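Novice: So the sequence lines, in the order shown, correspond to chains A and B. All you need for the working numbering is the position in the first sequence, starting with 1, plus 750. All you need for the working numbering is the position in the second sequence, starting with 1, plus 34.
Calculated directly from the structure, the hints in this document are not laboratory data. Bear in mind the structure is a predicted one, so any value in this text is a computation, not a measurement. C-beta atoms are modelled at their ideal positions from N, C-alpha and C, and glycine is treated no differently. Just to be clear, a hint being listed does not mean it is correct.
[Claimed, not checked] Pairs of lysine to any residue residues, derived as SDA-like cross-links and limited to a Cα-Cα distance of at most 20 Å, are as follows:
no., chain 1, residue 1, chain 2, residue 2
1, B, K190, A, L824
2, A, K942, A, E911
3, B, K207, A, Q861
4, B, K49, A, L823
5, B, K49, A, E911
6, B, K124, A, V849
7, B, K342, A, K942
8, B, K247, B, N210
9, B, K177, B, R241
10, B, K342, A, L823
[To be verified] Computed, partial: chain A to chain B, Cβ under 8 Å:
no., residue
11, I753
12, D807
13, A830
14, F839
15, F841
16, Y844
17, I847
18, N864
19, L865
20, M875
[What the hints assert, rightly or not] If you anchor each label on the Cβ, the simulated ranges turn out as follows:
no., chain 1, residue 1, chain 2, residue 2, range
21, B, N47, A, H952, 41 to 49 Å
22, A, R764, B, R50, 35 to 43 Å
23, B, E328, A, E934, 34 to 42 Å
24, B, V420, A, E934, 47 to 55 Å
25, B, L359, A, E893, 23 to 31 Å
26, A, S926, B, L52, 42 to 50 Å
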Amino acid sequence: MNIVECRGLKKTYRQGRVDVHALDGVDLDVVRGDFMALAGPSGSGKTTLLNLIGGLDHASAGEVVLDGEKLNLLSQAQLAELRLNRIGFVFQAYNLIPVLTAQENVEFILQLQNLPARERRERAMAILDDVGLEGLYGRRPAELSGGQQQRVAVARAIVSEPAIVLADEPTANLDSHTGQGLLELMLEMNEKKEVTFIFSTHDKMVMDYAKRLVILRDGRIAGERGKTE
Amino acid sequence: MFFQLAWRNIWRNPKRTLILLTAIVIGVWSMIFLGALMRGISDQMVRNGIANLTGHVQIHLRGYRNDPVVENSILQPGKLEEVLAGALPKEAHWTERVRVYAVASNARHSIGVTLVGIDSAREAQVSFIGSAVTQGDYLQPGKGNGILIGQSLAEKFKTELGKKLVLMALDSKGDNASRAFRISGIFRAELEAIEKQFVFVNLDTARQMLKLKGGISEISILLPEKSATEAVVQSLRKQLPVGDSLEVASWLDLLPFVTAVMELYDGFIFIWFLIIFIAMGFGIVNTILMAVFERVREFGLLKALGMKPVWIVRQVLTESFLLLLVGQVLGCIFGLVSVALLARNGIDLSAFAEGLEYAGMSRMIFPVVLVKDVVMANLVVFILGVLVSLYPAVKAARFTPVEALART
Ligand SMILES: Nc1ncnc2c1ncn2[C@@H]1O[C@H](COP(=O)(O)OP(=O)(O)OP(=O)(O)O)[C@@H](O)[C@H]1O
Ligand SMILES: [Mg+2]
């Protein structure tokens, strides 16, 4: 079964008198366990598409089905619930809550899910170990490097074992070496924990790592490489 | 963890937080302090008024209060005494007095005073005079020509213990009566005016002088602490035999000035609370709003992560809750400590004694903390504080994750 199905997806922003068609009819299926990259020139609609898939924004037309849920039928509160329990997010920057430590940032999600303190702590520490941050549990984001911060973000995104992780240019602020480390990590999580990943990127290396690459141009799918199954 | 998060968020901008805390502390502090001071003053006024011969309840012949002359005396208080014995609470005390205007004179001076004839033993349980004599002795039943005068009067008359003082007054027949007394005691009072106004003699002596037989001018009743004055007044009105010729009045009626001042003070306190609150309210809204707008991205992130809008409202409210809590606890501590320090020695206002006397205020003021006032002040600050924080909190909850995260 597909974890994501987009049908005739459109998103139009109104900028003054002009309508900007950020997405202009996108049909896209993503299979469970995929490791997929969205690429395309700036302004082609990558972020918009991720936002719609993640239920952060409403489509102007068309529909998104995520893990069996038709997003346009859900209320704000239900969307929040869905994001909390089934979607992990990694953003380009400012991913973390600055006043919380690495461990607390990861635990935060579990706390929102009402897990008991002990389990929260154990899972947070285990996942931080998995992303290679053992011993840095108590650091605040400001005390971590950019790469380490993104690792915490990945740890947070996968700690509650979501159905899918959406990452908007996760490596954009990292040097290529650090970026590669992060990709290896995500790939490992993808394989080990069978978490689906979709990321947007401008980065050639990310595209190379992806099992499937979808190219957007002017709000439409312009081409693709890799298996669709 | 949400508390922890809120707590740390508060301290992200320590300077701003400290400023806001200071405002809350000063607000609560001043509310408690000022409230205690005002209470102290008005309590003292009431106590002075009551101790200065008023008592909690008085009984007069109807008409006496408008025209306090000998003719308006209660001529046969016997029945009244029986009723009182039955109607009053156990620990209540009461006494009978003759009270008329008189002229006091010695070789050099003369001045208008109020002559009060008292039952020395009973009077001592009701009014201040029993314990106010600082030189000489309190009145004794046998010694018919003894008189107590105030310190200020003694100074004015340049007289002293053992010297003579002549009193003149109109008797029950409307004739001039005069009698010579020997100063047997000198008393001090909270108010200088009292020392100048009142002179005390034995009840029987006064009756003789004024040809009053068994008559009295008034009965003054002192009730036990905290008993309901109004209820006693009502029951006395019902039980008194000669209901319509007698008048029962409580101190609230007898000291209209004091009650008016008390109301005024309540008004003052209320206005002060209002001012404090408006100032503090704006401070709180502004600060929290600023803090919220600095963190638009973060709220967007929280929402993206799956925090529901109500949780975000709760999160912001928790922050102001903590601020209020800390500020109020500190404010209460400062307030209570400063009141306690002042209460130990009182505030000495004798420098302004003359002016204050008009208002019936004492030379010494002891602030009085009422739990009611403290709770009120805190409740008002707290509830309104949380209420005004709702606005920024709702604002924070409204940021959509997409817009918020788009900002860099
Ligand atoms: N909130 C918005 N209001 C108006 N227009 C918007 C908004 N968000 C995006 N757009 C427009 O929609 C189009 C697609 O934007 P989007 O951010 O999805 O592109 P992108 O592929 O992610 O670009 P980049 O690679 O620069 O991140 C752009 O033309 C953009 O200007
Ligand atoms: Mg983008």
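Novice: None of the hints should be skipped; say for each whether it holds.
Specialist: Each hint, compared with the structure:
| no. | hint | verdict |
| --- | --- | --- |
| 1 | B:K190 - A:L824 | violated, 92 Å |
| 2 | A:K942 - A:E911 | holds, 11 Å |
| 3 | B:K207 - A:Q861 | violated, 94 Å |
| 4 | B:K49 - A:L823 | violated, 46 Å |
| 5 | B:K49 - A:E911 | violated, 41 Å |
| 6 | B:K124 - A:V849 | violated, 66 Å |
| 7 | B:K342 - A:K942 | violated, 31 Å |
| 8 | B:K247 - B:N210 | holds, 17 Å |
| 9 | B:K177 - B:R241 | holds, 14 Å |
| 10 | B:K342 - A:L823 | holds, 17 Å |
| 11 | I753 | violated, 18 Å |
| 12 | D807 | holds, 5 Å |
| 13 | A830 | holds, 5 Å |
| 14 | F839 | holds, 5 Å |
| 15 | F841 | holds, 6 Å |
| 16 | Y844 | holds, 6 Å |
| 17 | I847 | holds, 6 Å |
| 18 | N864 | violated, 11 Å |
| 19 | L865 | violated, 11 Å |
| 20 | M875 | violated, 15 Å |
| 21 | B:N47 - A:H952: 41 to 49 Å | violated, 36 Å |
| 22 | A:R764 - B:R50: 35 to 43 Å | holds, 37 Å |
| 23 | B:E328 - A:E934: 34 to 42 Å | holds, 36 Å |
| 24 | B:V420 - A:E934: 47 to 55 Å | holds, 49 Å |
| 25 | B:L359 - A:E893: 23 to 31 Å | holds, 29 Å |
| 26 | A:S926 - B:L52: 42 to 50 Å | holds, 45 Å |
Hints 1, 3, 4, 5, 6, 7, 11, 18, 19, 20 and 21, counting from the list given before, are not met by this structure.
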